[in-house]
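Enquirer: Spelled out from the first residue to the last, the chains are:
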Amino acid sequence: MKNAIALTISRIRLSLRNRLFLIFSLIMPLVFLFLFLGIFARNNVHAQPFVLAQVIALTVMGNFWGLSVQLVMWREQGVLRRFRLAPVGPSAMLISSIISNYVLTLPTIAIEFYLARTVFHMTSFGNLFAVFIMATLGIVSFASLGLIIASVTNTMQETQVINQLIWFAFLFLSGATVPLTILPGFVQTAALFLPATYLVDGLQRAMGQGLNVNVMLPAITSLIGTTIIALVLSAQLFRWDPEQKATPRAKLWVVAAVIPFLILGFWEASNGKLQKNAQVNLQRIEQQSSPSQK
Amino acid sequence: MPEPIIEVQDLKKNYGATVALRGISFAVQEGEVFGLLGPNGAGKTTTVEILEGLRQPDTGRVSVCGLNPQASGDAFKEMIGGVLQSTSLPDKIRVSEALELFSSFYKRRRSTDDLLKRFGLTEKRGALYSTLSGGQKQRLALAMALLNEPRVVFLDEPTAGLDPQVRREIYSIIEELKQEKKTILITTHYIEEAERLCDTVAIVDTGKVIAMGTPRQLKQSSAGTTRMEVRVAQPFDLDAIHKLEGVADCKAFDGYFVVHSNAVPRSIVALVKHLEATGNELAGLEIATPSLEDVFIELTGRRLRD
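Quick mapping for you: the protein sequence lines, in order, are chains A and B.
The opening position of the first sequence corresponds to residue 1 in our numbering, with each subsequent residue numbered one higher.
The opening position of the second sequence corresponds to residue 1 in our numbering, with each subsequent residue numbered one higher.
Everything hinted at is true.
In silico PhoX-like cross-links for lysine-lysine, where the CA-CA straight-line distance does not exceed 25 Å:
#, chain 1, residue 1, chain 2, residue 2
1, B, 208, B, 219
2, B, 117, B, 92
3, B, 12, A, 245
4, A, 2, B, 107
5, A, 2, B, 92
Here are some chain A residues the structure puts well away from chain B; computed CB gaps all over 12 Å:
#, residue
6, 44
7, 95
8, 114
9, 163
10, 178
11, 182
12, 183
13, 221
14, 225
15, 248
16, 280
No lab work stands behind these hints, which were simulated from the structure alone.
These numbers were taken from a predicted model, which means no experiment stands behind them.
Glycine included, C-beta positions come from ideal geometry on N, C-alpha and C.
Using the sequences and the hints, build the whole thing.
Expert: Right under this line is the structure:
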């Protein structure tokens, strides 16, 4: 644990000195905040918590991208080889990645809340404890997914391509940018198998409906399950050296990391609560935003 | 004789169809500076990385400080230090932070301030890694290799790519370590480095040790001859030179000939006479006592940097 703490402190320092990190982890989320709250929730206080939930979901999901890129870059540059010569194991490297990302993401979320209150005059934030739990589990699980991508890709190019594909699915199919219910039926069904969908749903339930964490237990369990599987697999598949290549079979282990969401997806597909809830939320926002209802 | 601190027996390693090591064996005593000298691709780095525990050998036995590097984990890493051939640090890490971070991983550690002072990095303690020169990066790598007071230090091509002045700075640092009786295993393809720094040199070529001994022993084994580098106006007949008085060997290289003689004055006279008789002309002549390069040429027929 001593090594993980030392690495965490070092990685926080390094991130804060990295201009790209500041752009993607602080400035971009705030741009989303102003765009989303300024456009989609303009003159509609009832829509604000739902839209802010989407912005926070995007901030949390960003953890997935940054970690995989950094780890692969360190491997390609030979940085990880130097660590390997010291008494440091993969676990310390992986845990420090998660903790440092968590520590660096929370202030951005706090700033988003602050700006939502001061600039957009939001007064209701729903169930803050549930928001905190969802954001925490989201950061940890999406960072873990990033780590497993880094573990099974061999080059930066490959990492970027896979990241782009997954990121676009998270971005456009989860309800984070486009409301789930306006998507075609088969896309909505596919979205039920994405961790991002449950993150957006959980945050919207907590903020927009003020619901408690017990309502989100299936999603919370899946996020925890994915985190554990992804971390264990990442430690097993961890490679220090650019010459060590991941085999095609190793890449299949990524599927194992999302097994909890495959199970949850099938359960939701037959149960249908998430889609119904998204529909109700959208209707409520639309009704409350129409002049006749005001 | 005490037990060697490093023991390597019949080490073999293949990368797919490429044979990297063909059965390397050697032993290093505590306090010795042992050099692996050979051209690029000879198997030096593979050997060192197996000794550091970074690679698995296919077959063979390796022991460092009485431990198996591949199976002893952190206990082994506590005992060794190393400068890797191709490695780096994060661009945005500061010099002092790098030393502090890495020293925090070890149970036994040296003061960061002492290391900065010793390696001439005190003024650079707050500099980002990306802003350091090649020499400064290498001095930092050496400082990091010593921060846990290791029993054995592995230096894989520590001066490769550095300019001569910086190389000499690194030599001075390694000579200081040698005076402190630190056990060092160094790989190099620089003759000067091996001759100047090493107590024992193993010449490695195509994955095997082809000669081993002190630099003096190796040079003496070079047929006891003196090396003459001869440049002539027109190409000459190698067989005729071989027959000249005192000439032990003669080889043609790109634009010059290397003649080994065990009776230098008589060989020179005979050579000049031969050139005059054949209408040729002596364009240049350099005489040198045998170097490790000559030993390598004798053994392989190639130059180290071919």
